[in-house]
Amino acid sequence: MSNAASIRASKSNSILADLMSSKGQAVLLMLPPAFLLFTLFVALPLFDAAYYSLFKWNGYGTPTDFVGLDNFRQVLNHGIFWQSVRNTLIVLAVSLFIQLPLALGLALMVYEKTPANTLFRLVFFLPYILAEIASGLIWSFVFDGNAGVASALFKSLGMNPVFILADRHWAFLAITLVVLWKYFGFHMMIFVAALQSVPKELLEAARLEGAKRWEVVRFVQVPLIGAAIGVSAFFAVVGSLQLFDVVIPLTNGGPSNSTHTIVTYLYTFGLTRTRIGFGSAVGVLLFIAAVGVSIFYQRQTNRGSK
Amino acid sequence: MANVELSNINKTFGAIETIPDLTLSVPDGSFTVLVGPSGCGKSTLLRMVAGLEAPSRGKISIGGRDVTREEPSKRGISMVFQSYALFPHMTVEQNIDFGLRLSKTPTKERQKRVDAAAEILHLQPLLKRKPAALSGGQRQRVAIGRSIVRNPDVFLFDEPLSNLDAALRNQMRVELADLHERLKSTMIYVTHDQVEAMTLADQIVVMNAGRIEQVGAPMELYNRPQTLFVAGFIGSPRMNLITGEAAAKLGATTIGVRPEHIELGAHGLWKGRLRVAEHLGNETIAYIDSELGELIVRINGDQKMKTGEVLQFQFLQEHLHRFDESGRRIP
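In the order they appear, the protein sequences are chains U and L.
No gaps in the numbering here: position 165 of the first sequence is 165 in the working numbering, and each next residue is one more.
No gaps in the numbering here: position 61 of the second sequence is 61 in the working numbering, and each next residue is one more.
Bound conformation, chain U alone (with noise of 0.2 angstroms):
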């Protein structure tokens, strides 16, 4: 036997080995079921969709009128896409940098084990319980220019009453707030549970140190719960991404098209139309930028973990 296939052979036989092994046997054991699962719920559908996303299909039969990155090339295009993209982003950057300093000033108020301030933390928390439709319809009650509570509000200003929601410079802004208001405190309690686990004894010590109430927060508890505000900042940024079913019971997209996120955009432009092959590459590319965010939340969080 020469060298190489005695290597060969050697390797060959370690392998089976490993598979002999308990661990070994344990792997043959649960890895298919989940490598199915996933398979078949997760990454078949991606391929599928961007095999799709390469044709002009309605979604009916077979596709065929291939298209190569033609879909692409009119999503790009497109106006509103980019009006939705911008959207996104806003959604984004108040969700970073106005939804979780709030969860977090909030959370620093209500963390301490009470009776009262269970209750507080029950009440922040009410608004992530109710399904998002539902919230949309309560907040477009809110809006509504003639027999809501903001209408009632301009009227007892003197004011005209305004159609938040049929307004171009006012629709979006209300949408920002209904999501403010609905998942800040899913943030709070994430922060509320990171802050209970940072031992008392910890905070006693900033303050026998001569830390103020501020010092405290800024050097010692926000560090110690760095990786709780490092997940929630991913659940802000990928719920951002995802945001769909506020948006539709508030304003569908309107007025204009002027309020849609990038997936309200492919649901109005791909699904309701019936452009699946479109649907598909808006699908793709938000799918991209998805992936392009865990793996700059995976590198920060090795980063901070050495």
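Bear in mind the hints are in silico, worked out from the structure with no lab data behind them.
From the three backbone atoms N, C-alpha and C, an ideal C-beta is built for every residue, glycine too.
Among the hints, erroneous ones may be present.
[What the hints assert, rightly or not] The calculated lysine-lysine pairs, modelled on BS3-like cross-linking and capped at a C-alpha distance of 30 angstroms, are: (1) L/130 / U/212; (2) L/184 / L/59; (3) U/212 / L/74.
[As the list claims (entries may be wrong)] Partner residues aside, some chain U positions facing chain L, computed with beta carbon under 8 angstroms: (4) 201; (5) 202; (6) 204; (7) 207; (8) 208; (9) 209; (10) 210; (11) 211; (12) 215; (13) 216; (14) 220; (15) 223; (16) 249.
Assemble chain L onto chain U, guided by the hints.
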């Protein structure tokens, strides 16, 4: 340096009165140890001195200054916690100079103080490490270093050696004694370990159920316990406490005799059967089931004994302690 005066301190948590009414004087430069069983209020008392708990009533003075309502950082104290309370995201150096950075101490001065503390505590090679990369003893030294750099008037220690293994605890005990000798600062130290109390303190405060049982020098407490509680708490193995006829004959409700003050021999007045003997090399501890109840006897050196053997013994009369029905010492 400063003395600490606690006057009529009361602490109540909801409906539970942890400390009813306590007055204590901690002399300037002393090493005072608060000792007592779990839940006796010693840590609560220390936290009140630190300013981490406010007394429900009473007054706390440090160096003649009323600090009862003063912020912890303004009291001139520093505290070492049982859990060390080191900031895990900071290096040893950043942990030590945290307070100095907050108080905006000039960099040169800060560096000087950190270097001095690191030298005293042998921390120089560890300054750039994070707490997770340190052993228990090293972490404890960093916590002490953080206290030292602030030049406090009073050092407070809350069971600082409890998380260390026996060997390291002995070593750190010696280091703490050295530190007190070197700094001559007032130190208040909480422990439930009476060996720490006996070896470190110049003044021991024995606490029970939020009250002070006795205050005194270690040997004073050992030789002249004023209450049954102190008699039973100070000393290891514990003092033998005997009630009944034998005590009544001596005009007491209870008599106490330390294990080393029982003499074995053929002329002994009392008899007992050896239940078990512990051979420690330098001494032997014998547990005897006697007609006076279970007794512990300490014998110098390694004494060969057989389980079940009948032994005769007597008490060294000059070392007997007598207590009345309320548990107070009869002079």
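For the hint on residue 207 of chain U, just tell me whether its beta-carbon gets within less than 8 angstroms of chain L. Holds, about 5 angstroms.
Quick check on the hint: residue 209 of chain U CB to chain L CB, less than 8 angstroms? The hint holds - residue 209 of chain U has a Cβ within 8 angstroms of chain L, the shortest such distance being about 3 angstroms.
Given residue 202 of chain U as an interface hint, is its Cβ closer than 8 angstroms to any Cβ of chain L? holds (5 angstroms)
Interface hint status, residue 215 of chain U versus chain L (Cβ within 8 angstroms): Nearest chain L Cβ about 6 angstroms off; hint holds.
Would you mind confirming whether the straight-line C-alpha gap from residue 212 of chain U to residue 74 of chain L stays at or under 30 angstroms? The hint holds at about 12 angstroms.
Identify whether the interface hint at residue 208 of chain U stands, where standing means a beta carbon of chain L within less than 8 angstroms of its own. Since the shortest Cβ distance to chain L is 5 angstroms, the answer is holds.
Let's test the interface hint: is any C-beta of chain L closer than 8 angstroms to that of residue 249 of chain U? Nearest chain L Cβ about 44 angstroms off; hint violated.
If you draw a straight line from the CA of residue 184 of chain L to the CA of residue 59 of chain L, is it 30 angstroms or shorter? holds (25 angstroms)
Per the CB criterion, is residue 204 of chain U less than 8 angstroms away from chain L? holds (5 angstroms)
The hint names residue 216 of chain U as touching chain L; please verify it with the least Cβ-Cβ distance against 8 angstroms. violated (10 angstroms)
Any CB of chain L closer than 8 angstroms to the CB of residue 211 of chain U? Holds, because the Cβ-Cβ distance from residue 211 of chain U to chain L comes to roughly 6 angstroms (cut-off 8 angstroms).
Let's test the interface hint: is any C-beta of chain L closer than 8 angstroms to that of residue 210 of chain U? holds (4 angstroms)
Going through the hint list in order, the structure does not satisfy hints 13 and 16.
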